[in-house]
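Chains as they are written, first to last, in the numbering used here: chain A, 1 to 129; chain B, 130 to 1083; chain C, 1084 to 1598; chain D, 1599 to 1726; chain E, 1727 to 1821; chain F, 1822 to 1987.
Derived by calculation from the structure, the hints in this document are not laboratory data.
Since no wrong hints were added, every one of them can be taken at face value.
Here are some chain C residues the structure puts well away from chain D; computed CB gaps all over 12 Å:
# : residue
1 : A1129
2 : S1130
3 : T1583
Chain E regions said to be covered by chain B (calculated; three or more residues, Cβ under 8 Å):
# : segment
4 : 1753-1761
5 : 1773-1782
6 : 1792-1798
7 : 1806-1813
List of simulated lysine-lysine pairs, DSS-like, C-alpha gap at most 27 Å:
#  : chain 1 : residue 1 : chain 2 : residue 2
8  : F       : K1914     : A       : K32
9  : F       : K1884     : F       : K1925
10 : E       : K1790     : B       : K855
11 : B       : K280      : B       : K421
12 : A       : K32       : F       : K1916
13 : B       : K626      : B       : K607
14 : B       : K421      : B       : K573
Here the structure is a predicted model, which means the values were calculated and not measured.
Virtual Cβ for every residue (Gly too), placed ideally from N, Cα, C.
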Amino acid sequence: MTLVEMILTYAAALSLLIGSGFIIVGVIGLLKFNDPMTRLHAPTKVGTIGIGMLLLASMLNAFAVGTPSIHELLIMAFLFVTAPISANFIAKVSIHRRDCVTPPEPLADETWSTLNSPDASPAEASPNS
Amino acid sequence: MSLFFIVALPFLGALLPGLMNAAGRAACAGVTFTVSLAAFIGLFTNLPTILQGGVVTARVDWLPELGLNFTLMLDGLGFFFAFLILGIGLLIITYGRHYLSRDDNMGEFFTYLLLFQGAMVGIVLSDNILLLLVFWELTSLSSFLLIGYWKHLPAGRQGARMALTVTGMGGLAMIGGMLILGQIVGSYDLSVILQNRDLIQADPLYLPALILILLGCFTKSAQFPFHFWLPHAMAAPTPVSAYLHSATMVKAGIFLMARMWPVLSGTPEWFVIVTTAGLITMVLGAVIGLFKHDLKALLAFSTVSHLGLITMLLGTGTAFGAFAAVFHILNHATFKAALFMSAGIVDHETHTRDIPSLGGLRTLMPITFTIVTIAALSMAGIPFLNGFLSKEMMLEEATKTVLFNSPWLVPGLATLGSVFSAAYCFRLIGHTFLGPVRDDYPSKPHDPNPGMWLPPAILAVLVVVIGVAPFLVEPFVKLVTGAVQGDVTEVTSKHIKIWHGWVPALYMSIIAVVGGLVLVALFKPLLRIWDALPRPEAKTIFEALIKAVVSLSRGFIHGLHNGAFTRYAMIGVVAIVAVGYHAWVTGTVGAQTRTLQPAGPVPIAGWAMLVAATAALVVMHRNRFLALILIGIVGLMVSVGFVYFSAPDLAMTQFTVEVVTIILLLLALNFLPNRTPIESTVLRRVRDGSVAIVGGLASFALAYHYLLRDAVSTPISEFHLANSYKGGGGTNVVNVILVDFRGFDTYGEIIVLGIAALLIYALTETLLNGPVRRRLLNRVPDQPRAGDMHPMMMVVLTRVIMPIVLIVGFYIFLRGHNEPGGGFIAGLIVSIAVVMQYMASGFSWASARLRYPYHGVIGAGVLIAGFTGIGSWFVAKPFLTSDFTYVRIPPFNEFELATAALFDLGVFLAVVGAVMLSLESFSRLARRADSEESDHPMDIDPSRDDTDTPKVSS
Amino acid sequence: MTHWIVAPIILPALLAPFIVLAARYHIGIQRVFSVAGVMALVALSASLAWQVSDGSVLYYRMGDWAAPFGIVVVADSLSTIMVLLTSLLALFVLLYAIGSGWDDRGRHFHALFQFQLMGIIGAFLTGDLFNLFVFFEVLLIASYGLMIHAGGTARLRAGVQYVLFNLIGSTLFLFALGAIYAETGTLNMADLAERVELISAEETVGIRVAAVLLLLVFAIKAALVPLHFWLPSSYSEAPAPVAALFAIMTKVGAYAIIRVYTMIFPPELEVTSGLHDLWLLPAALISLAIGMIGVLAARRLDRLVAYSVVGSMGMVMISIALFTPIGIAAALYYIIHSTLAGAALFLISDLVRTGRGSLALAPRAPMMGTSLTSGLFFAAAIAMAGLPPLSGFLGKLMVLQAGFESSLMVWIWVVVLSSSLISILGFARAGSVLFWKAHSVPAEPEETNLTQSQPAVLSYVAVGGLLGLLVLHTVFAGQVHGYTTKVSAQLFAPDTYMRTVLDTPGKLSKPKEAH
Amino acid sequence: MELLVASAIGVMTAAGIYLVLRLRTFPVILGMSLLTYAVNVFLFASGRLTVGAPPILSDDVTVYTDPLPQALVLTAIVISFGMTAVVVMIGLGAYLGTSDDHIDDPTAEPPMEDMSDEVPDPAAEQTP
Amino acid sequence: MIAASELLNIALVITLVALAFGQVMSMVRLVLGPTSGDRILALDTMVINAIGIVIVLGMYQGVKVYFEVTLLIAMLGFVSTVALARFILRGDIIE
Amino acid sequence: MTRAFRWLMPHPFLTLILAVVWILLQNEITAGMAVFGVILGILIPWATSIWWPDTPRGFHMGKMIVYALIVMWDIIVANIQVAWIVLSVPNSKLKPAWIVVPLKLKQPEAITMLAGTITLTPGTVTSDLSDEGHSLLVHVLHTDDPDAVRDDILNRYERRLLEIFG
Ligand code: NA
Ligand code: NA
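Required output: the full structure, derived from the provided sequences and hints.
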């Protein structure tokens, strides 16, 4: 094992451990917080970083064993691009279901888009037409 | 004429009256008469052979392996019956032509009649007992049609069904009996069977066979206790009653007893069963007959009685008994047919058959009166008429018969029967024709035209001729008797004589006549007693029985098949587990041949996740949305498990399918209730849970068993691993199996998927074109909807992500042959890409701008796969034979060109088409009346502020 | 290797997507292609049947891979006779569907119909167990589509149950296949037959369970009690021509049982003794009884016919369950008979529905086209109830004769004969209510929602064709039974089949390399 | 390991059966899905369990897991996907027609007037 | 000092355990809920953790062919999260 | 020429992304793969451009790279902060808040990028957009001064994005 390989391997191991840490923190947040909106913070991002570290470890390890690989970047990019949208949708769900503290009025417009329900009076909507 | 023609003529001729209905009544009757006459003449062409003691045969193989062949035989007995059937048939046809009214469908009537005639001739000419069965059942069927001929009469329908049920039952029993007989002898040919008396009677199966065959005979010939159907068959038009239910069909049972007489009779069993049944029937029929007010009912019971008489004679098993039986068959046919036709005439003219409403017809209908008197007196046993002769012979035989060790039983009962028999004959004459002329007949009676009275008149003449000059028919009767007896015994040397001297039989005859007169004289008080007597009404009992059987059947069938899938599934699961368990416990468990692999913490955690998710799903399945998430997790865990156990292709497929399934279920859940209510009782849940646990244990045990043992021989996949690259050109063995080794499976698989999509599309179309459409348009969502249908961020992301997903799909497709992936997964990925577009900007916006004809995509996919397969034919290789080569075009790397890729392209297209067509169909259901087509990809777009387009809110 | 063997599978498999691709908006073009396709199918299957009628076995390697590594298609006298029966049935059913206009009451009828044929024929011809599963699925999913064709709430509700029950069946099939592969390491039927013999008497559990699981799968298809529950409501709710086509589907199960339990797990095989030979016959007897009691109990004509199908499958299975050459020969004869008779009855019930506006077995005003329809009903009922002179009676005789050798002979006879009586009673009651009692009901229909119309001529032609086939089946019973006897003998001496399949080399393999 | 897989199959089967016996279409379909998972794993396991040896041929690898069951399961997954889609659609169609998603269909055998015609009617006696 | 590859192996095992712990905890959140948002979030987390598991398994088993699986889970996980959320928000997910 | 170019490559940036993705998928960089990637990068956007009708103009690539680096740094730093919050701040002491971010940005692509940035930098989640698209609703996990967070967002990210999409 050359020195570079060894360093890469150590780095991979380190990345793994860091990643594990973030992942655990993410799920702790998911469990610990007592409000849907606060719960949303931890795993969507901390967890994402954690997986990012694992992907990094995978790349480092690949270089270490002599089969260079960079396609993990693609997954990382994908996760980073989609995570905000996922979080946004989940937040919208909580707002729509009134599961969280009611948000303040927007500054410029009438209301938030999620609360702008097309069903005139939701209370009257009879279940199962 | 060949026997085939004699049998076939009525059947072939049966087509004619039905077809000639339009040609008029006379034509129908005429053609029927001609056909019967032709058969009759044909029969007579064989008479010389018969008279010489010969037997005419004809044979064509039909089902030789089964022993069922078209074997016909004409001997004296057969000739005798055929003569009766065709001869009386001619008279009945003549009579019927005049009897039926203008409203009746004459073509139909004569068609049925000829069918019956053919079947009846078939019975008496069969030399094969299976063939005989065929004709036997055919007479039941044609009788069913004839009794029910007047469709509007409930009595007709009921009578028809009753007759069919009873005779059908007998016929089925007889099938059993005949098959046993055939098995004993080793042949179903009568001529062979009749040679094997000793073999048959020594066989332990003789008694079952005898009982089964006699069941057939007794039901057909209305012997006690199966006599009750015959009177109800009288709902048929009178020609039918005269023909089937007195002269011919009911004699089929008698015929068969006579036919089988050489091999079945002569045993104590035969004697006791047949004689007893005959005796009881004779007495019972006569007693009941006396008190019947309906002319036809009276005659029907008299028929029952006389059939009993003949049966009794056959039962004695003596030569003289057989002789008397044959003679009485002839005599009964003449006088009873005459009586029926006359009764029909009375009915026809007076519009009633009710004896109390009649009387005094003597002067109004002199011809009919004469015929009835001759025939009835013959039946009563008055000398110089043929009935007297055979009745005397019967009484003589009775005096010699010892039943149940009593020499008095048979003669006593025979005399009693004769008394009643004479009584109803006298009542028939007296109460119908004698007495004062009345003025309240429903219709003014007079003698009918000769077409109606001539046939019975001819029979009446025969009654007298035979009665006066029995020596004219004696040789013939002896010839027939000889045929009945076969070579068992010699034909009796006795002669038919009018005067025997003062023998016991004569005293009995005198008692009968005198007793009969006394009974008629005392009729009114006797009737009062009779009416006061409680007696079981056979019809009521039968109907109640049938009704009970039907409601029992209904209760059973509808109770069992109550539309409850849950029960069906439960029974199915229990049956499967039970049968599997049985197989398990009756087998032997071999030694374990594989070592257990250790499980680390990660597999254990994965297992725990899977179990937890599954358990949670069971516990929380009522929240359907949550259930979907949980099932997603189960799928995810299974996928990860597949990765762990070296199956990346499977993991990918599993997970992709999982997501698409969840999308489908979400689309459906939009319409369905979001919660499953609690409906089942705790007990039920416990029961279901127990069954489930048992099923789970079974699958666990089975899986564990196999996992610990190797296959009995090297798995065939060794070949696949060895030849995947060499022969299939791919390193991903799973993919090579899918597109090459077992490409035919995959071909079927994409077809399944294509069909699924077509089905979903077709059903959507049907729903949207049916009553459901209105419901859908007026549907109110079951939960309030959030604003912002097409969120901006999602739309923007999709613009970037969707092309990336497409390129990934393309990559997966290309790499599939050598790395995990392939056409199927690629197809799903591309579908997902399009679904993302739909989720972002909505189906209507996306499809309004770009819409693929998904039907065509499916069709193209399946066709491409198919034509790839066929392509190999052009290089003289079997369907789906693959080929591949490597190509290099700078600047690209060397790449592989394989027919398998073309096949995979077909897979890809079929998958894309199928998934998209299904999703599209689901989403079409959701389009509401209030939804507008949106013009924009996203609802909120501040960059539109400048152009100031109106906002679309929902 | 002639390509004709796979033609009956490939033809509908290409025709269907072609119809979807090119003719999905034109019912006329669909009809032309569909009928032409089925006619070609009849010709193909007849020629195939002719080719193997001398006892030879035709064999085809998919992708040129030799058995057991690839999938093989095998045409022997048994499979070809089933294929021929299928295509003949399909022809008349298709004509009826066109004549009655059923095919135009929903989308994609003809494509689904062709796919259905592909599935059925594929199931008959394949020599590979997993491929059999695939074809089962093809025929099932096509049958789902056909069953709910034209929609309607009752039909859809019955459809849900039908699909779900069959999904359970498919799941079970996979369990069985997993067990088979785990135990033997192969999927090819001929190879399986060889490998099963390697299993020692000390470790029979695995193969025994596999064998019964497989049998249960086929029993579901064959609607054997207590796995028959899916049949009555789905067949009676299905559109009539579809139900008529389904008459062959239960026979796929019967075929599979015959194939697998004569070649792979023959009665004399020690390791699987005491299983299907033990309980298949009782189950078949109960099926027959329940089916025929159902005929008596039914309150609607379509139900009655559906139950008669259950009963007739019981009859078939009784004969099969004997696992004797004459039993199988009788079963094959009866299969042909009951397929044609059942299909004819379903079509006739549709004639009744068309002419009468209702299938309820309750008095209604006289229907249109009574005399012809009643005549057809009478004939078909006679056939189904096993009355002479039609083939049902002959088939019944064959089954009874075959039953002689069984230890349950008395039971067979009692059940066969008494259920015959019950069905006669049931058919007689139904017929008299439908066709006779109408005459005592006032002419004006009391329920105005009953729409009556005169059935089309082509409908009658189709029904007449099926009954004509029944008549031929009766008249040439000797020849047919002679042939089924030959087929049966071949089944009990599967050596030709197995050697043909296993000893022919393919791509990259020499003969016997696997063994 | 074998015990884990076998018991997972058992658990999924049991849960699947339990849900299949529920009264509404939706849980029954979920139950069918679970049964499908169970049987797919069972079929997969018929090639026995091998860790870390996917059947992707490579020069430096000698051990591969049995690829055939994988191919079979793949086919089975696809087929059951089609079946699930179909049953969901048919179930939905039935629900849309009746607003009732019970799986049991008591209307399958509707009560109907008795077809027997045993009530004698006066016309019966007036046979011509 | 521990050899690099040994350390890597230990780290891999630790990571796997961490991921498994993460899965179990997410599962707890999923079952507890209480809101739909929580449940979707828990599923999303589990999918992302599953990606991690597959990556680490690939390293652990020395198998290089799990990349496609990972990519696929990432893509489809996102799609399913959006689909579930859209269902709560709008009922119809591809209106 | 421009028109032909725009027809061929409606979204040049996307073409670039796709080419890179293709190379990453192949996991090796060769000329052939690059060419093929570019071909795909042209073909796929061309086929799907109908779903991306309005192309953002005036996109400044250089500023974008700077922005990306800043965001990446922020992600790393903020992740550690949030991890600390998760581990150390009890629920009772947690101070979550809603903040409303008024937008000067108009282009959907720009707003989305801002929203994504806000979410990716831990501690804040973009939760909703106002019904005319002029404000963002952001949830903050733990802050004493919501206004400061808002100003930080406006100054650090929105300003730069206004320049990028200038
Ligand atoms: Na809903
Ligand atoms: Na943030």
